[in-house]
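Construct all of the structure, not just a fragment, from the sequences and the given hints.
The opening position of the sequence shown corresponds to residue -11 in my numbering, with each subsequent residue numbered one higher.
Note that these hints are calculated values from the structure, not bench results.
What you are looking at is a predicted structure, and each value in this text was computed from that prediction instead of being measured.
Where hints are given, some of them may not hold.
[To be verified] What follows is a set of in silico ranges between Cβ atoms, one per label pair, in the way DEER data are often shown:
no. : residue 1 : residue 2 : range
1   : Lys200    : Asn257    : 32 to 42 Å
2   : Gln15     : Ile66     : 37 to 47 Å
3   : Phe183    : Ser20     : 22 to 32 Å
4   : Gly28     : Lys87     : 12 to 22 Å
Ideal Cβ positions, reconstructed from N, Cα and C, are used throughout, including at glycine.
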Amino acid sequence: MIFWIASYPKSGNTWVRALISSYYYSQDGIFSEKLIKKIGQFPEKVHFEGFNYNKEVITDTSRFWIEAQERINKDKKIKFKKTHSCLSSINGNNFTNKKNTIACIYIVRDPRNLITSLKNHYELDYDEALNFMISEKKFIYDQQKHNDYSDFQFISSWEKNFLSWKNQNDFPIKLIKYEDLLNKTYYIFEDLIKFINNILKIDENVIQDKLKNSIETTSFNKLKQYEKDYGFSEAVNSKNHYKSIPFFHLGPKNDWKKILSEDLQKKLNITFNKSLKFFSYI
-11 MIFWIASYPK SGNTWVRALI SSYYYSQDGI FSEKLIKKIG QFPEKVHFEG
39 FNYNKEVITD TSRFWIEAQE RINKDKKIKF KKTHSCLSSI NGNNFTNKKN
89 TIACIYIVRD PRNLITSLKN HYELDYDEAL NFMISEKKFI YDQQKHNDYS
139 DFQFISSWEK NFLSWKNQND FPIKLIKYED LLNKTYYIFE DLIKFINNIL
189 KIDENVIQDK LKNSIETTSF NKLKQYEKDY GFSEAVNSKN HYKSIPFFHL
239 GPKNDWKKIL SEDLQKKLNI TFNKSLKFFS YI
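Structure (structure tokens):
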């Protein structure tokens, strides 16, 4: 079955996957990029091989979401899968169901910090980034593949995305605030391991050396330096230049109080007021 690691884009999904893959897919907890690659994305083009879909129609692969997951789950093994998809339906086609899903980890991030990461990653200005975040019809796909929407993800708005996962009752969900993971990494990750072990019926205590190594080798500075030295497979190419956009941008230095204009701060506080209060961001 699938164990989802879900989030809105630029919310810390990569860091969580780096932590989980280092802990569960290594002997010592030491991070390497080959480990994080074991946690693939859904949907991707490879999942729809053999299905008769029109790759030039944006939503057409939604017809095969469930069938593709059934194929993934044929061996009856647990697989972590990354997604930015909203937990919703397109043209009556559900993104997933309780037959294919065992649980979910959902990472949420303060939208006032997220907006700067989103702006950098997608090469937008702040107004465009805000419109991106509030669009309930928003979708993303690999723009390097011309006329091919096979890996399209319907993400909706920032609020609709997290609400869609939080409000479901079909499977257990662990909600993690990026800021808590940043400020209390050891305790939050230890608690996350306990959640995963409980879901997977792994009857063992948290292995402290692996836990500490996973945290130490996936710090923002370590990952940023790794990308600088070797590149990073999840970095995207710039639309305007023949180079990739650094994936690890500001990290902990992304402080909306210092970066955003007062006008934009007010706009975000008004736009996301209810959710900011729910997560105790204000």
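Each hint, compared with the structure:
For Lys200 paired with Asn257, a C-beta distance near 37 Å keeps the hint of 32 to 42 Å intact. For the pair Gln15 and Ile66, the supplied restraint of 37 to 47 Å is violated, since their beta-carbon distance comes to about 19 Å. Taken as a hint, the range 22 to 32 Å holds for the pair Phe183 and Ser20, whose Cβ atoms sit roughly 24 Å apart. Separation of Gly28 from Lys87 is about 20 Å and conforms to the stated range, judged on CB atoms against 12 to 22 Å.
Hint 2 from the list above is the single one not met by this structure.
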